[in-house]
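Undergrad: This is what each chain is made of:
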Amino acid sequence: MEYLAQQMMNAFAFGAEYALLALGLAIVFSIMGLVNFAHGEMIAVGGYSMVAMAALSLGNPMIVIGFALLAAVVASVTLERVAFRPVRYADPTTGLLTAFGVSIILQNLFLLLVSPRPIAVTSLYFLEWSIPIGMVSISSLQLFEALTTIIVIVALMLFLRQTSLGLAMRAAALDFEMVRLTGIRANRVFAMAFMISGMLAGIACIFIMARRGSVDPHLGFDPVLKAFVACVVGGFGSLPGAVLGGFLLGVVEVAMLVLLPQSLGGMTDAFVFGIIALVLVWRPNGILAARAEKGDKQ
Amino acid sequence: MLERRGHNGPAFRFSKEMLSVDNLEVFHGPIKAVHGISFKIDAGQCVALLGPNGAGKTSTISAITGIARATGQVLFEGSDISKTPVEARIQRGISVSPEGRRVFANLTVEENLRLGSAASDSNTKTSIAEFFDTFPILGERRHQSAGTLSGGEQQMLAIARALIAKPRILLLDEPSLGLAPKIVGQIFSLIGDLKAKGITILLVEQNAAQALRLSDYVYFLNNGRIAAEGTAESLGKSDTLMAELTGIS
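Sequences listed follow chains A and B, in order.
Just so you know, we're using the numbering used here here: the first sequence kicks off at 33 and counts up by one.
Just so you know, we're using the numbering used here here: the second sequence kicks off at 758 and counts up by one.
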């Protein structure tokens, strides 16, 4: 019972992390048609900002977390302004190549300017302790991660439904030109999308750093790859799809870790992606594929 | 009051000039869709751009809003807006109900209207409530996704979304396109009401009979050029032109 509860919590926590990152990718893709592979580097920026805080002897956890979030948001908005705005209306392939270029440049900057080796980040260890609930004991970090993700999803939902800019972002996913024809500035919509995306990367960064305890130049690669897969499974461009895909990927990954015999332990990812491939055979455009119609009856 | 124009000169002058287009050329990539047209709309007027498919009507609207690449001059209330970004033109008081309606199908009726009023200074809540009085069918469907509305309801929503920004001029691009005759009648009745309220309208249409009935002045576009112009009455007297117009209505 305890084992099952623990694994369910693992699945939920993994899924929450993937959902946060997938949302960050999906929100930019839905508006701009850009798969931002540099999203992972925002996690690394957050991680290195924690290193900088430690070097400055600023160990207050709230300051560290706040600064990491701020760093990820600023980096994301800056990238939009510097790298992605010039290719905003270009072919999607141009945007994709730009994202890869930005990702490689940032990784190399971390390698050259900081260190190729992992650097320990210990300031978030306080987030991890054991919480006994009846016969079961769960990790506080996993609980925080799951709760934070739920709060973030609810807050994002409220933002997208209740504010003019949120409505514009939802509408832009369908017909961006028409949003401009309502007088809402394109730059504001894009900047907000990248700001939210950076914030989501920053939140994910906090939990990744608390779990890993170190940052290296390639920190963001694996999470962003998983987030990409989550988006594809959920339906690229669909925000609910990104959340669903993230949680589904977390569940499948933990299920494979638990169910596969030890001899096949090294092939977990192969089985995970095999199952994902089967899902895509069933639903080639993802489970909750975004609608493509423009104004006609659906 | 009435000042006839020369070949490429201004149309005629009422009390206050709202929009003036001079030597407008519109491009879609390397293709020139509009070849140096000029026209004017005075405050409170309803001016129609008529013509067959591919005449350059929608391209002209796109150039006025700033969406399409264009050369020439667009003056709005005396200011040159040729280089002004799309969003700023809309904020200055140009609203468009585009061809194909283009309502945001994934948003509710109310959300479409909220978005329409987002860039204006008007009190959104009051405006939306007022609009549901004017468009009762939209009020009934306020929480319904816009994508589930009928074609006529979507057209009303598109017009309402443009109107809620309280525009100085309303650009209506093919409002009757693809609608049943009964619904077309309702839409033109609505446009007639808007005109009666003194709203300045640029109407792009293929339905010549209805457009001629409503408009103060008419430009007939063909192959990206103004082929004829005049009051609806004067154009109605030209049998050749009427045959051409009704043939496409």
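If you're looking for bench data, these hints aren't it; they were derived computationally from the structure.
Just so it is clear, the structure is predicted and the values come from calculations on it, not from any experiment.
Among the hints, erroneous ones may be present.
[Claimed, not checked] Only pairs whose alpha carbons sit at most 25 Å apart, straight line, appear in this in silico SDA-like list of lysine to any residue:
hint : chain 1 : residue 1 : chain 2 : residue 2
1    : B       : K923      : A       : A122
2    : B       : K923      : A       : V114
3    : B       : K923      : A       : E209
4    : B       : K840      : A       : V114
5    : B       : K923      : A       : R220
6    : B       : K840      : B       : R826
7    : B       : K954      : B       : K840
8    : B       : K840      : A       : R120
9    : B       : K840      : A       : A223
10   : B       : K952      : B       : S877
11   : B       : K840      : A       : Q194
12   : B       : K840      : A       : A122
13   : B       : K954      : B       : P893
14   : B       : K789      : B       : N810
15   : B       : K773      : B       : P893
16   : B       : K952      : B       : A989
17   : B       : K840      : A       : R113
18   : B       : K923      : A       : Y121
19   : B       : K789      : A       : R113
20   : B       : K923      : A       : R113
21   : B       : K840      : A       : N219
22   : B       : K840      : A       : Y121
23   : B       : K789      : A       : Y121
24   : B       : K923      : A       : D207
25   : B       : K954      : B       : A985
Undergrad: Each hint needs a verdict: does it hold in this structure or not?
TA: Here is what the structure says about each hint:
no.	hint	verdict
1	B:K923 / A:A122	34 Å, violated
2	B:K923 / A:V114	36 Å, violated
3	B:K923 / A:E209	20 Å, holds
4	B:K840 / A:V114	23 Å, holds
5	B:K923 / A:R220	22 Å, holds
6	B:K840 / B:R826	10 Å, holds
7	B:K954 / B:K840	31 Å, violated
8	B:K840 / A:R120	19 Å, holds
9	B:K840 / A:A223	23 Å, holds
10	B:K952 / B:S877	21 Å, holds
11	B:K840 / A:Q194	33 Å, violated
12	B:K840 / A:A122	21 Å, holds
13	B:K954 / B:P893	18 Å, holds
14	B:K789 / B:N810	15 Å, holds
15	B:K773 / B:P893	33 Å, violated
16	B:K952 / B:A989	15 Å, holds
17	B:K840 / A:R113	22 Å, holds
18	B:K923 / A:Y121	30 Å, violated
19	B:K789 / A:R113	32 Å, violated
20	B:K923 / A:R113	32 Å, violated
21	B:K840 / A:N219	17 Å, holds
22	B:K840 / A:Y121	18 Å, holds
23	B:K789 / A:Y121	21 Å, holds
24	B:K923 / A:D207	22 Å, holds
25	B:K954 / B:A985	28 Å, violated
Violated hints, listed in ascending order, are 1, 2, 7, 11, 15, 18, 19, 20, 25; each of the other numbered hints is respected by the structure.
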